[in-house]
Amino acid sequence: MALTGLEIFKLLPKTNCKKCGMPTCLAFAMQLAQKRAQLKDCPDVSEEAKQQLAAAAAPPIRLVQFGSGDNRVQTGQETVMFRHEEKFYNQTVLAVTVSDKLTGQDLKDRIESINSLQFERIGLHISVNAIAVINDSGSADAFASAAAAVKDTSSLAIILVSDSPDAVAAAVAKTGDSSPLIGQAKPDTAEAMAKIAKENNCPLTASAESVEALANLTEKIKAQGIEDIVLNLDGLNLRDQLYNLSKIRALALKKTFRLLGYPTMAFVPDGDADQQAAYATSLICKHSSIVVVNMVEPYAFLPILTARMNIFSDPQKPIQVEPKVYPIGEPDDNAPLMFTTNFSLTYYTVESDVEASRVPSYILVVDTEGTSVLTSYSGDKLNEKTVADAMVKFDAENLVKHRKLIIPGYVAVMSGKLEEATGWEILVGPRESSMIPKYLQEIWK
Amino acid sequence: MPVPEVKESFAGQVSRVTLGSTKDSGGTRTSTVTVGGARNVVYGGSIEQAGEKPVIAMDVLDSRPDDWPETLAEHYQDVMDSPGDWAKKCVEEFGADLVCVKFDGIHPDKADKDAAHAVKVTEEVLKAVGVPLILWDSGNDEKDNQVMPKVSEAAKGENVLIGTVKEDNYKALTALALADGHHLITHAPLDINIAKQVNILVSDMGFPLEKIVTFQATGALGYGIEYAYSIQERQRLAALGGDKMMAMPAICDVGYESWRVKEAKLEDAPGWGAVEDRGPMWEATTAICLLQAGVDIIRMRHPRAVATVKNFINQIWQ
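Sequence lines, in order, name chains X and E. In this text, residue positions in the first sequence follow the numbering used here: the first is 19, and each later residue adds one. In this text, residue positions in the second sequence follow the numbering used here: the first is 1482, and each later residue adds one.
So that you can see chain E by itself, here it is in the shape it has in the complex (with noise of 0.2 Å):
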């Protein structure tokens, strides 16, 4: 008996993005990373179908931590108080496609800096590393209205991709990153409506949609990852379903969900096999589950489980 042909026709995709500015387009950075462009869900139809590979973006925070596991802060020790070398590291040695720089530290909880040193940091950040950037606030929203603005203009020309913006908290963002050239993260509290709302307010200040990366929040595996992970389908599919205010690639935060779990730190856990093993693994693992639902862009932390995902995708994306 011959096999029937299940081919889906989509009317849409997801959009493609180009992040960072080279010499020639009026920026200092020395290659692009292009996401997104997927014609069906993944693994659906052929690999042709699949768009461009995910990539990994690597958190760089611009204060030294004082949260993290041994497991994970031991390879950044040397680096910690200098976001430029820790960059310089992510890309070198780890392979990162790009930098995410989280400004833990000006929250009012944290180390409560000011824009000053938020603009130092990124200035340090994007003359040590030629990738492009992400430039991520603290989520504080009064303190990241401040600061984030300076932050946007410190790396004007630069085309980063900056967030993020929130239903109650987009306009001084989204203005500053349209006049700055930027590409802008709108962010949803795992709630589909919420991204689509979020998605529409910006593209009505003008906002140019191919130009958003949306950010749908990220559940740790075991800690309701699989709320993320139906989210990211549901996004897919409304993509493919021609809704342009869904089309955007994704980005997930992987490495800061993954390293706050209980399995990834907990030292003293018979059974449950080594730490040093135990946590790069927990990391890679949610961002492997993630892959299977459609994400574009993983911020990531540890090199090993890095390395896990760069091969995954390379065996995958070809």
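Just chain X, same shape as in the assembly (with noise of 0.2 Å):
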């Protein structure tokens, strides 16, 4: 169980050397003991206090690696049940299914396929990360090649997922250098699974029916000297498997039950892509460290994506967008000018609404330090020198011919220090975004 601040310090050398970082080793304990700083951040601890502290100041869900190159995943190490007490860590990694009954150029589409799945939003680049190559044949051979098209045509993560450990050993014979998650090891095949799994230096997946199961599982897989885990619930339906996904998150984190203290890997229930999109979303917000999908179509996974980033974005940090003019449409030296904040949210419901109104404008973004509106006006992060600074800052007098700044209407107050500081004339527009397509098509006109 876990160790208590105190009780770590008294195993620390208490010398204040502050060579972790730390003002005192007093302070180190109690981030050790939160689960905010590791261990080997001291440089003079002893072996005997370092085997004792080990166990404890471990994460309570351990990081599993996986993959190789740009494309390597980490998994699992998150530390709270809600994204509100803190935030979601490591974002789910999303693989897709390549069955091994697929051969020659279908294969070859497929892996494609499944490589083309990338799209841009907000700036930042978002992908599917994995691919699951499943035995579905049965026979070692099949997997195998399987397996080695998916590495040569791809370089995405790989999961190998066979009940079968002589399948998995053909598998991980032509994959095994770009570090595969393989599996599935149950009951039964625990031994021999962990046997290729350590002889490879890959982690392992442990495929259980029962929260009980899978502990008694892991327990024989750490037995033979397997730490990287991933947790697999086999055979249960959807329902059963977001429940019992909470419940492990729980125990990890409120028990600190290690045996299973390590991320979790589902598989969607089948289903048109419409529905595999919306499992695949309850088992991204709620709990599963890995989803495997088994479709491709573009639609439904720009919509897995986003819901992803967005659980995933930190709580405590208001995603921004960069100050500077951005031009909607093809908008010349006659266009409407109108400014907003660079909260990304403010700034990406005007940038929408803009865009709606088919009338090709520029948005000069106003540096609020990601605040709304409302919020920098009242803490005076948003007032006419902001304004006017960002319009010298961005030359807005050479962007367009005209003198005329349509300003969020719920900061007309003020319009009339706008006036003096920038001598422009100042059009009030909408207090809602919505109304900014109507407002451009019939007042600005």
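One thing to keep in mind: the hints can contain errors.
In silico DSS-like links for lysine-lysine, alpha-carbon gap of 27 Å or less [what the hints assert, rightly or not]:
#, chain 1, residue 1, chain 2, residue 2
1, X, K335, E, K1677
2, E, K1591, X, K463
3, X, K422, E, K1591
4, X, K456, E, K1591
5, E, K1743, X, K456
6, E, K1743, X, K342
7, X, K265, E, K1488
8, X, K126, X, K105
9, E, K1534, X, K456
10, E, K1677, X, K105
11, X, K272, E, K1488
12, E, K1534, X, K265
13, X, K105, E, K1488
14, E, K1488, X, K53
15, X, K335, E, K1743
16, X, K216, X, K238
Derived from the structure by calculation, the hints contain no laboratory data.
Given two chains presented individually in distinct reference frames, assemble the corresponding complex, making use of the accompanying hints.
Shown next as structure tokens:
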């Protein structure tokens, strides 16, 4: 069980040397107790203390990595049940299946279509992370050649899914140097699978039909010297998977129950692309570290990946857009110019409504440290000076021929001062962004 | 090693709300809808603690919308000028649990229609369908204060869910809803403190807490859903913690929010898949996300998205 800060402190050198970056050993001990620091940051800790502390200092959910190069993924090490308590750290690994019944061009096409599931959103790249090769054929040779084809055709991380240790051994022989996640180890194959994992230095998926059976299984696998384990609930319907995934997360975090302190993997149940996207979204939100889907339709992946991005964003840190002038459509020097703040939610709402108006326009984004219009105005981050400075900085004068600036309706009160500060005519826009299309189409004209 | 217990005992629960009045209780609805009642977080504990099944309210606009993308509008072209037929289609063809009449057409910046029009629409929809109704104002305080009391009166005895009341505009509608026997939606702009404040203000007027449904405002997927998501999770935790002022069921507006974003509407988007698939998927995914955080009533628009979300709900809340 976890040690308290004081219990940890007793085992530390008590030299207050600051080498760990903390002012005192006690402060470091407190950070260790909260799992916010690692013991290796203390260079002088004794071997004996190390052993005693290692167990307690380990994160409640182990970090497991697989794949290679730029596509190496890390999963697990979450610290909370709800994102608002702190944040979720490691984005769900999204994987797509490739059946080893596919051969030749069909196999190649499937892998290529998975490779192309990549999107840009608000300036960020989002994509699928892994390919799960499924041993549907039952043949070790077919499994090994499908795995080899995936390795040759894709740089995504590889997950090997088979009940047969022979098939996994054959596939690892072809893919071992790209560090796949291998499995599934079940109660009767645990030893054989653990042996392959150990020989090839790969993380191993443990698969069982209940939380209790999983705990027994990981105990068995750990006894073989395997530490990097991924948990999979086998044969459960979606509802039971979701309830048990929450239970596993709670056992790991609230009870520091080490036998279930690992990342999890879920296969979405069968269904059309819409249904699979719905299932995958729920599994991303509620605690599956790896989600495997059996589809390749881009229209379904864009929302799933966006959901993942949103849920894993840091609730303490508002996402900001770069302060500058954003042309929407192809505006010329007669186009309307309006400003908003650099809080991403505010900006993208305005952008979406300006786009909807089909009136080519310029949006000037004023740096308000990621706060909304009303918040930044009351915090004095949005005032006539910050707006006027932004207009100079981003050369509003040479952008448009007219001298009219549209301002958010909520800050109509700043019109007078802003007019004085800039010499521009101030037009008060709508309070709600949704009225921008009407404003631009009817009032601006 | 035996697996330890992780049972949590919560002091409170989400209150249970029943919408709609049948003949026995003085209304004309043929069915009622009950939501709320959760005694744990979503997927916490056991299914017995999950409370009532979440429901879908499909939007019917009082006036023909002119800004709906084709992917969405094509399902309603034949009924857009007749709110009664529109409501009927939602219930009979698309399986709506409730109908939400959204009075966009009374907004001064839109069609600026009067109270007589709004009353007529309410009567038409009440007559056309037997499911409970939600009656939702235009968002313009001044105009809503003129029109919504008449709407409330027109639905007197039907036990509708009417709204929305806000921190700075709650008195008129709260008094009317109380007099006409309706449930009330309290509305806050993604701010949990204001949400609680509105509930306190409304209950200070004598409005019963157990007849309130909260609307925390909704952000679409990709456009602030994470704020709504965390507020819904915090609201559920507050309810479970015994805070009576936060123990109401929650409604969210997925239809409007998701159909105004680029990803749902943009036709020419190479690599994103066809817009006919992408639009409904965006709406469905927005709804699915919010279901994970704990919402009870979801306002939606596209029949395909409704089917996806209903299928999900049926898998989880059996």
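Exercise. Given the proposed pairing of E/K1591 with X/K463, does the C-alpha separation stay at or below 27 Å?
Worked result: Holds, because 18 Å separates the two Cα atoms, which is no more than 27 Å.
Problem set entry | Restraint check for E/K1743 with X/K342, where alpha carbons must lie at most 27 Å apart | Since the Cα atoms of E/K1743 and X/K342 sit roughly 21 Å apart, the hinted pair holds (cutoff 27 Å).
Exercise. For the pair supplied as a hint, X/K422 and E/K1591, is the alpha-carbon distance within the 27 Å limit?
Worked result: Distance ~26 Å between X/K422 and E/K1591 Cα, so the pair holds.
Exercise. Does X/K265 pair with E/K1488 here, judged by a C-alpha cut-off of 27 Å?
Worked result: Judged against 27 Å, a Cα distance of about 9 Å means the pair holds.
For this session: For the pair we were handed, X/K272 and E/K1488, check the Cα-Cα distance against 27 Å.
Result: 11 Å, holds
Problem set entry | 27 Å Cα cutoff - pair X/K126, X/K105 | 38 Å, violated
Exercise. Going straight from one Cα to the other, do X/K335 and E/K1677 come out at no more than 27 Å?
Worked result: 24 Å, holds
Problem set entry | Satisfaction of hint between E/K1488 and X/K105, Cα-Cα up to 27 Å | The hint holds at about 23 Å.
For this session: Please work out if X/K216 and X/K238 have their alpha carbons no farther apart than 27 Å.
Result: 14 Å, holds
Exercise. Hey, X/K456 versus E/K1591, does the alpha-carbon distance stay inside 27 Å?
Worked result: Holds: X/K456 and E/K1591 sit about 9 Å apart, inside 27 Å.
Exercise. Under the criterion that the straight-line Cα-Cα distance not exceed 27 Å, is the pair E/K1677, X/K105 satisfied?
Worked result: Holds. E/K1677 to X/K105 sits at ~24 Å (cutoff 27 Å).
For this session: Take a quick look at whether E/K1534 and X/K456 sit within 27 Å of each other, Cα to Cα.
Result: 39 Å, violated
Of the numbered hints listed earlier, those contradicted by the structure are 8, 9.
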